[in-house]
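Enquirer: Sequence:
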Amino acid sequence: MTPLLAATSLIAGYALLCWVLPFGRCWRCRKTGSHPRLITRKLTTCRRCKGAGLRLRHGRAAFNYLARIHADAASAKNSGTR
1 MTPLLAATSL IAGYALLCWV LPFGRCWRCR KTGSHPRLIT RKLTTCRRCK
51 GAGLRLRHGR AAFNYLARIH ADAASAKNSG TR
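Under full-length UniProt numbering, the letters of the sequence shown match residues 1 to 82, in that order.
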């Protein structure tokens with residue numbers, strides 16, 4: 001298998017994963033929504049996922065950003081403003 005084919009298949013697989021499962025497990029709280037403080041070990045809400053235990057994948061966030069730019073450009077073109 002050539003490196004180009006391997007890279008293409010990895011990118012296509014990750015794109016499919018981002019489309020089917022846009023949210024991944026939060027690495028900080030391990031999908032529990034809370035984690036212990038460093039010194040007191042008291043459980044607090046995870047700031048990274050805001051207690052949900054899930055986070056948006058980087059690929060899906062990039063797709064959402066590009067889709068928003070495209071939609072804004074299309075609406076500006078249709079309305080006649082720049």
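To be clear, the hints were calculated from the coordinates, so they are not data collected in a lab.
Computed from a prediction, not measured in an experiment: that's the story for all the values here.
Treat the hints with care, since some could be wrong.
Derived DEER-like restraints, expressed as beta-carbon distance ranges [unchecked claim]:
| # | residue 1 | residue 2 | range |
| --- | --- | --- | --- |
| 1 | Asp72 | Thr32 | 30 to 38 Å |
| 2 | Ile69 | Tyr14 | 18 to 26 Å |
| 3 | Arg47 | Leu16 | 25 to 33 Å |
| 4 | Thr2 | Lys42 | 29 to 37 Å |
| 5 | Met1 | Lys77 | 41 to 49 Å |
| 6 | Met1 | Thr45 | 42 to 50 Å |
| 7 | Thr2 | Thr44 | 28 to 36 Å |
Backbone N, C-alpha and C define an ideal beta-carbon position, used for all residues, glycine too.
Enquirer: Does each hint fit the structure? Answer for all of them.
Expert: We went through each hint and held it up to the structure:
1. The hinted range of 30 to 38 Å is satisfied by aspartate 72 and threonine 32, whose Cβ atoms lie roughly 37 Å apart.
2. For the pair isoleucine 69 and tyrosine 14, the beta carbons lie near 21 Å from each other, so the given range of 18 to 26 Å is met.
3. The hinted range of 25 to 33 Å is satisfied by arginine 47 and leucine 16, whose Cβ atoms lie roughly 30 Å apart.
4. One distance hint, 29 to 37 Å for the beta-carbon pair threonine 2 and lysine 42, is violated here, with the actual separation near 53 Å.
5. Range check, methionine 1 to lysine 77: about 42 Å between beta-carbon atoms, so the 41 to 49 Å window is met.
6. In this structure the supplied range 42 to 50 Å holds for methionine 1 paired with threonine 45, their Cβ-Cβ distance being about 45 Å.
7. For the pair threonine 2 and threonine 44, the beta carbons lie near 49 Å from each other, so the given range of 28 to 36 Å is not met.
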